[in-house]
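Undergrad: Letter by letter, the chains look like this.
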Amino acid sequence: MITILNSDKNEVQKLGDLKPGDRAEIIGFEKAPVDFENFLHRLYEVGFLQGSILEVLQEAPYSRDPISIRIKEATYALRRAEANLIQVKLCE
Amino acid sequence: MNKKIALVGTPNAGKTAVFNLLTNSQQRVANYAGVTVDSAEADLILPNHHATLVDLPGAYSLHPYTDEEKVLLNAVKSTSFTGMILVVDATQPERAIRFLIEVLNTTTMPAVVAFNMIDLAESRGYRYDLKKLSQILGVPVVATMAVKKKGLVDLIIELEKEWFEKTRSPHQFFPVDDHASKKNSILEFYKKSDLVVKEVCLKKGGVDKRTERIDQIVLHPVWGILVLLLVLGIAFQLMFNLAQIPMDWIDSLFKMLATQVGMLPIPEMVKSFLADGVLAGIGGTIVFLPQILILFALILFLEDFGFMARAVFLLDYWMGKVGLHGRAFLPILSSYACAVPGIMATKTIENKRDRIITTMMIPLTTCSARIPVYTLLIAAFIPNTAVFAGVKLQGLVMLGLYLAGTLFALVVGAVLKKFFFKGPRSPLFIELPSYKWPSFQSISKGLIYRGKLFVTRVGTIILALSMVIWVMVSFPNKEKSFAYDLGHFIEPVMKPLGFDWRISMAMIPTFAAREVMVSALSTVYAVGDGGEVSNTDKLSQIIQKEWPLATGLSLLVWFIFAPQCISTLSTIRRELQSTKWMMVSMVYLFVLAYFAAWLTHSIALRFSM
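Chains D and V are the protein sequences, given in the same order. Residue 1 is where the first sequence starts when you use the numbering used here, and the numbers rise one by one after that. Residue 1001 is where the second sequence starts when you use the numbering used here, and the numbers rise one by one after that.
Simulated from the structure, these hints should not be mistaken for lab results. Nothing here was measured: the structure is a model prediction, and the numbers come from that model. Every residue gets a Cβ at the ideal spot worked out from N, C-alpha and C, and that includes glycine. Please note: incorrect hints may appear among the correct ones.
[Said to hold, decoys possible] Partner residues are not named here, just some residues of chain V that face chain D (Cβ under 7 Å, in silico):
hint: 1; residue: Tyr1060
hint: 2; residue: Asp1067
hint: 3; residue: Leu1219
hint: 4; residue: Pro1221
hint: 5; residue: Gly1224
hint: 6; residue: Phe1236
hint: 7; residue: Phe1240
hint: 8; residue: Asn1241
hint: 9; residue: Gln1244
hint: 10; residue: Ile1245
hint: 11; residue: Trp1249
hint: 12; residue: Asp1316
hint: 13; residue: Leu1428
hint: 14; residue: Phe1429
[As the list claims (entries may be wrong)] Calculated from the model, a selection of chain V residues having no Cβ within reach of chain D, i.e. all distances over 10 Å:
hint: 15; residue: Tyr1065
hint: 16; residue: Thr1091
hint: 17; residue: Ile1136
hint: 18; residue: Asp1154
hint: 19; residue: Ile1186
hint: 20; residue: Val1207
hint: 21; residue: Thr1211
hint: 22; residue: Ile1294
hint: 23; residue: Tyr1317
hint: 24; residue: Gly1400
hint: 25; residue: Gly1423
hint: 26; residue: Pro1427
hint: 27; residue: Ile1430
hint: 28; residue: Glu1431
hint: 29; residue: Pro1438
[Said to hold, decoys possible] The calculated lysine to any residue pairs, modelled on SDA-like cross-linking and capped at a C-alpha distance of 20 Å, are:
hint: 30; chain 1: V; residue 1: Lys1347; chain 2: D; residue 2: Phe39
hint: 31; chain 1: V; residue 1: Lys1392; chain 2: V; residue 2: Ile1214
hint: 32; chain 1: V; residue 1: Lys1209; chain 2: D; residue 2: Phe39
hint: 33; chain 1: V; residue 1: Lys1191; chain 2: D; residue 2: Pro20
hint: 34; chain 1: V; residue 1: Lys1452; chain 2: V; residue 2: Leu1279
hint: 35; chain 1: V; residue 1: Lys1422; chain 2: D; residue 2: Glu55
hint: 36; chain 1: V; residue 1: Lys1255; chain 2: V; residue 2: Phe1236
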């Protein structure tokens, strides 16, 4: 069996850059502007935490933004720009 | 003493269904210190005890993100309640248990947990040991499926047994240090609650396939847009066509009642007060009810079903183009019926600036109170010629007025965003809940509650004002009343717009509700001609004869912007808790209205010369 090594798999990406169908693990967070602290806190509370696994389900038609993300059995909509505060690594 | 029990839960956990299950049908508007959000309360149906259950807004945590969520934190910390019922979603064990632990560690208030939507969770494969959960948390835990009335008996038994006599001793297993305000402590906290999940969740379930399938359609580039347009189409169709039927009934009912009053053996003055003051005031409120209830029914259905969050998802990007947050969709849609429920719905917008912008825009959307005025003026001044293929000019003008209102609302939003509320867009966070078939009972109870709220909030103002206005047009005498004097007093100001003292006078009562303009004009012209002009067609003929075209057009344009009714202004003040913004909204709309009407009048004069 041949395994194709994909270096992308281990690269740190921003959540906002993922496509529908991508599964990823959260590995860290960007420094948030002051205005976004409450927002980021809310994300932590619903389970956007280091080590959590998430899945991008869909993107809004035409604009391709916001995207819907499943994490801890629930689905949330986030704008790509704001999702970029979250650093992820794609899962195999 | 009457005990107050708080109903607390996460959003979309079926909290309202539990509320309906546990209470009688007599819902009231909750009223206690610290509540700025409208909450319903009702008596608990328990065999041996008496208490009031207060339905608090759902929240994800005790760290409030919106004004609505602040209520929960205040309630948990307050002494207003002797106990609480916690409702969580069994299909989301991690979030549910984290929420339970957070709340139970913050207060020593006794509690009973309704582990709701258990059927749904079990059908997806989840299995729980709720006895274990109850042991760990130190409070009774009952599995419920509230929409199917399942678990009601167990819940009542537990409530009777517990009966919130003494405070709980907070258990020390999961101490939360200052509300887990830092990320790391949330992480630690999650780790601990995950341990509990591992103990009580014997088997994890799969994802909700049905929701995924529906989303493939609702969020589809082609089908999704069609569904959204269809929903909007149905909303407007129901609001304007279906609602018209009961509105006509109500209108004729109140006309009949007024005739009846006219035949009573009582002094003329009392008759007039009853017919033109009291009945006109009550009728003026009730006539809006069909439209508002129909719109609310649709909104409640779409919200319970899970569609509203999807509409925000679909529209957020495009609404951002005009400086709006996706969550402004629902308030703006509501305000096509009436600005009051629209402004009340802005509390789900988390960012204060976004909320203010949306609130300032709402009075410009064409509410239903403007329709009778538009209809009268269009019938009088716009010829009903066919423009093309059966489309009549009158219809086009009506559509144009709607579009003008919407367009100016967007311009106001963009200007506010650009010059007064600079800065980046506030972030979007919204849950896309699983689709659920709404229960009829839940919708009808919600509808009754919102209808009551509307009648008390708007009705009392309209009634009071219509009585004041009756005094103004009746004293000292009908020919030279206070309103007559006031009309003459403001005439010089209104002259440049083409409005004489009669129009100025008829405008005064529009502060109660805009559509009163029609009956006010009837009164004014009846007074002037010494005859009775009650028929709108007759009135339309009279003003067509009496007013120049420029005046008619100018008045049409005036009504796109102003005047604001008092109900709207008082709602703005209450919801934003700011007299300043109420004044801003009143002044800016008057200035806009004055300028636009003046411009219309001047241009129309130039062309008709």
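Undergrad: All the hints need checking, so say for each whether the structure fits it.
TA: For each hint, the structure was consulted:
no.: 1; hint: Tyr1060; verdict: 6 Å, holds
no.: 2; hint: Asp1067; verdict: 12 Å, violated
no.: 3; hint: Leu1219; verdict: 5 Å, holds
no.: 4; hint: Pro1221; verdict: 4 Å, holds
no.: 5; hint: Gly1224; verdict: 6 Å, holds
no.: 6; hint: Phe1236; verdict: 22 Å, violated
no.: 7; hint: Phe1240; verdict: 28 Å, violated
no.: 8; hint: Asn1241; verdict: 29 Å, violated
no.: 9; hint: Gln1244; verdict: 34 Å, violated
no.: 10; hint: Ile1245; verdict: 36 Å, violated
no.: 11; hint: Trp1249; verdict: 42 Å, violated
no.: 12; hint: Asp1316; verdict: 6 Å, holds
no.: 13; hint: Leu1428; verdict: 5 Å, holds
no.: 14; hint: Phe1429; verdict: 6 Å, holds
no.: 15; hint: Tyr1065; verdict: 5 Å, violated
no.: 16; hint: Thr1091; verdict: 7 Å, violated
no.: 17; hint: Ile1136; verdict: 19 Å, holds
no.: 18; hint: Asp1154; verdict: 25 Å, holds
no.: 19; hint: Ile1186; verdict: 5 Å, violated
no.: 20; hint: Val1207; verdict: 7 Å, violated
no.: 21; hint: Thr1211; verdict: 8 Å, violated
no.: 22; hint: Ile1294; verdict: 28 Å, holds
no.: 23; hint: Tyr1317; verdict: 4 Å, violated
no.: 24; hint: Gly1400; verdict: 28 Å, holds
no.: 25; hint: Gly1423; verdict: 7 Å, violated
no.: 26; hint: Pro1427; verdict: 4 Å, violated
no.: 27; hint: Ile1430; verdict: 5 Å, violated
no.: 28; hint: Glu1431; verdict: 5 Å, violated
no.: 29; hint: Pro1438; verdict: 19 Å, holds
no.: 30; hint: V:Lys1347 / D:Phe39; verdict: 17 Å, holds
no.: 31; hint: V:Lys1392 / V:Ile1214; verdict: 40 Å, violated
no.: 32; hint: V:Lys1209 / D:Phe39; verdict: 29 Å, violated
no.: 33; hint: V:Lys1191 / D:Pro20; verdict: 28 Å, violated
no.: 34; hint: V:Lys1452 / V:Leu1279; verdict: 19 Å, holds
no.: 35; hint: V:Lys1422 / D:Glu55; verdict: 34 Å, violated
no.: 36; hint: V:Lys1255 / V:Phe1236; verdict: 27 Å, violated
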